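Novice: Spelled out from the first residue to the last, the chains are:
Number of protein chains: 2
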Amino acid sequence: MEMKVSLLMVGDELLIGQVVDTNATWLAQALWQLGIPVVSKITCGDDMDDIVAAIHASFEKGEWVIMTGGLGPTKDDVTKKAIASFFNTELKFHQETYDRIKSYFNALKRPLNELHKEQSFMPENGEIIQNELGTAPAMLFEFGNKRLVSLPGVPYEMKDLFDREIQRRIKAAIPESPYFYSTLRTIGIGESDLSARIDELPVDWDRDISLAYLPDMAQVRLRISAKGVNNKDAMEKVAKARLILKDKLGRWVYGEDNDSLEIVVGRLLLREKKFLVTAESCTGGLIAHSITKVPGASSYFKGSVIAYSNEVKESLLKVPAQTLKDHGAVSEQTVIAMVRGALITLNADIAVAVSGIAGPDGGSEKKPVGLIYIACGDANNVKVTMLQLNKDRQQNVAYASVAALNMIRKFLLGL
Amino acid sequence: MEMKVSLLMVGDELLIGQVVDTNATWLAQALWQLGIPVVSKITCGDDMDDIVAAIHASFEKGEWVIMTGGLGPTKDDVTKKAIASFFNTELKFHQETYDRIKSYFNALKRPLNELHKEQSFMPENGEIIQNELGTAPAMLFEFGNKRLVSLPGVPYEMKDLFDREIQRRIKAAIPESPYFYSTLRTIGIGESDLSARIDELPVDWDRDISLAYLPDMAQVRLRISAKGVNNKDAMEKVAKARLILKDKLGRWVYGEDNDSLEIVVGRLLLREKKFLVTAESCTGGLIAHSITKVPGASSYFKGSVIAYSNEVKESLLKVPAQTLKDHGAVSEQTVIAMVRGALITLNADIAVAVSGIAGPDGGSEKKPVGLIYIACGDANNVKVTMLQLNKDRQQNVAYASVAALNMIRKFLLGL
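Chains as they are written, first to last, in the working numbering: chain F, -8 to 406; chain X, -8 to 406.
To be clear, the hints were calculated from the coordinates, so they are not data collected in a lab. Source: prediction; values computed, not measured. Wrong hints could be hidden among the right ones.
Copies of the same chain look alike in the list, so a pair counts if it works inside one copy or between any two.
Computed list of lysine-lysine pairs in DSSO-like fashion (alpha-carbon distance at most 30 Å, straight line) [what the hints assert, rightly or not]:
#: 1; residue 1: Lys52; residue 2: Lys237
#: 2; residue 1: Lys239; residue 2: Lys358
#: 3; residue 1: Lys357; residue 2: Lys223
#: 4; residue 1: Lys239; residue 2: Lys401
#: 5; residue 1: Lys374; residue 2: Lys108
#: 6; residue 1: Lys66; residue 2: Lys231
#: 7; residue 1: Lys72; residue 2: Lys228
#: 8; residue 1: Lys284; residue 2: Lys223
#: 9; residue 1: Lys(-5); residue 2: Lys71
#: 10; residue 1: Lys374; residue 2: Lys100
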């Protein structure tokens, strides 16, 4: 028997779009890593009747329902009342929770208020699991083969509770999963071209394999999923298919699963024992930020000059005033000079430089919004690319950063 | 009569958490700006039966159902088939769509393939709305007072179609909305303290006002919502409540609605005619990236030195080797020196500097992971803050960036 999970995300802020729901994504990934598919996801507002109805609807799809949100101390949070109503039970004062909240606030040297007393009322039929990073505990309810888990909506509290307490309870309850999936990450090839290439599959291609395409910012992730007789079987099917696909797609594939471009670039730099620096104008530090997301980046990344003004391009990156005058800040000549300047100023082996017009203003007929130059190179050799993007400011910048990371990758691989 | 909208997000990648669903957030915000509440949000996988069932469930909550995703050229996308099944109709070859796709690919100088022909088959009972940024058109179906809208899942295509075509169709169809909401943005005060302050409300406080608290990274957004006899009435109720709350919360409030911290900081710099620069170690460019997200940032931001290595701290930011030796890179003395160095090297009026241990490695007993120093100042006066965070690498960096932006704000306001 397989186990299925439904997610139920509670919060007016999710319905009206005031926050992006990263909790659902994170939980679904964590569950997939246990081989458990999320089969339903419902988002509902902070309304008791709606929550109760959504709990019922969620249990129609999965045996486990994991819900987040609505556990805060303030009056708009009604999840506990809804759960009590679902189980036809009452909220009771829970001393351990109150003591926990008290010591939490004592540690922060902040006073308790009346709301924290209210927050210590819990449904009486559940297991209460204390929250080490905040005040709202998690709850687990068992009835028959079904389980209802309620987690706080604050992302790091939710994650900590899931990792520390919920995960092992799920593992203990489930039979082995027959599912497995893996992802190939491609860059520089569109979804339909990718698909056209893949469609000529070998004759012995396993029909239990399904493929899905996830396009995002110059990249397409290709998800390979299989259901097998057991987890090992599914994993082997996926591994076999992955080899065939990697072979077919060659240099378009830059990584697998959680290999982001910045992780791949970091790995290559480490292998080559080279230090990277960036010289950024329109990307404003986003390339450096991406690179330093990776733990240990200090082993191959020295730093950057963000030269948002021409003054800084001249003073720190030694771009000649004449180059800026003759060709403009957004030009092939300028990004090449930025690479050369960054290599010297920051004393590095490889540099990448970006200059462009992110928009919405600053464009002209000759140099429209979305025009971006990227250069990447070392002391001997500098390559340049021009992009003409048609996105909004933020997306132009994000796309240019991804393209810059890919140029570093290609430079390091000699592609 | 009010109009209600249900969102239906289609895609296995959303259920299994392979992408974060930003479309739902964006759509809900766009609808709220029209005064239309999203009353339901269902996420379902790329499965025909599931999609058909979810369309039915969505229409139980709202008269309009806006769905996204599942319109791509590849085989995993089945939304059009599900819609045809829902309406009990057929998919037919649609010449205009095919011509559109053809000219789109001609412009990119890329060949068409067989999948694009398939992609030109559309349900015959809908209005087809061409996509100017991609290949999958949007569709609108009318039946009675109900509408089904299907949009592509690629975010910028979806947004463009909504803004250009769908929004005015919604406006034409709706009676005036009785809802309005606005947000106060606070920083430096916790959710329950905020609530405790607010709970002593004046006696003439409008009981139709509801408040919600959205905590996120050192900030809490306070949403003030009202339902009135009409939109203007609701707006006036919110405006009155907002004044009362701003007065109660004073300096904790840094902005309203879409005023991000970086927008507020930019506005202050522009007013003071001052130029900002950043000197970043552990934040790796994130502060600069935040500041340059705002269009026109070049009027008050010159650039940054990202000094990830001590070498760059010394060479470009002129941090004395002795300071690094005596106190370490993560110290009050170092961030003060970084501010002073950045002011000179980058020739600016105000600088902010951050140095810390983002984790997961690099901590020691004396200087644990999460220890972060921030300095902000001008040539006359430099202030320093120390944070001890307990989050993961990415969150420590994000939190430090927000705290740095707030220090700039407070410095500019003399707080």
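Novice: Tell me, please, which holds for Lys239 and Lys401 at an alpha-carbon limit of 30 Å: within, between, both or neither?
Specialist: within (19 Å within a copy, 56 Å between copies)
Novice: Can you give me the call for Lys72 and Lys228, within, between, both or neither, at a CA distance of at most 30 Å?
Specialist: Cα proximity of Lys72 and Lys228: across copies only (29 Å, versus 46 Å in one copy).
Novice: At most 30 Å between CA atoms: does that hold for Lys239 and Lys358 within a copy, between copies, both, or neither?
Specialist: The answer is neither: 38 Å in one copy and 49 Å across copies each exceed 30 Å.
Novice: Between the shortest in-copy and the shortest cross-copy C-alpha distance, which are at most 30 Å for Lys(-5) and Lys71: within, between, both, or neither?
Specialist: Classified as both; 23 Å inside a copy, 27 Å across copies.
Novice: Measure nothing new, just compare the shortest in-copy and cross-copy C-alpha distances for Lys66 and Lys231 to 30 Å and report within, between, both or neither.
Specialist: Answer is between; shortest inter-copy Cα gap is 21 Å, intra-copy 53 Å.
Novice: Within a copy, between copies, both or neither: where do Lys284 and Lys223 come within 30 Å Cα-Cα?
Specialist: neither (33 Å within a copy, 46 Å between copies)
Novice: Evaluate Lys374 and Lys108 at a C-alpha cut-off of 30 Å and name the case that applies: within, between, both or neither.
Specialist: neither (64 Å within a copy, 38 Å between copies)
Novice: How would you classify Lys52 and Lys237 at a CA-CA limit of 30 Å: within, between, both, or neither?
Specialist: neither (35 Å within a copy, 45 Å between copies)
Novice: At 30 Å max between alpha carbons, let me know whether Lys357 reaches Lys223 within a copy, between copies, both or neither.
Specialist: Neither, since 58 Å and 46 Å both go past 30 Å.
Novice: Is it within, between, both or neither when you check Lys374 against Lys100 at 30 Å Cα-Cα?
Specialist: between (56 Å within a copy, 24 Å between copies)
Figure legend: structure checked against the earlier numbered hints; hints not met, in rising order: 1, 2, 3, 5 and 8.
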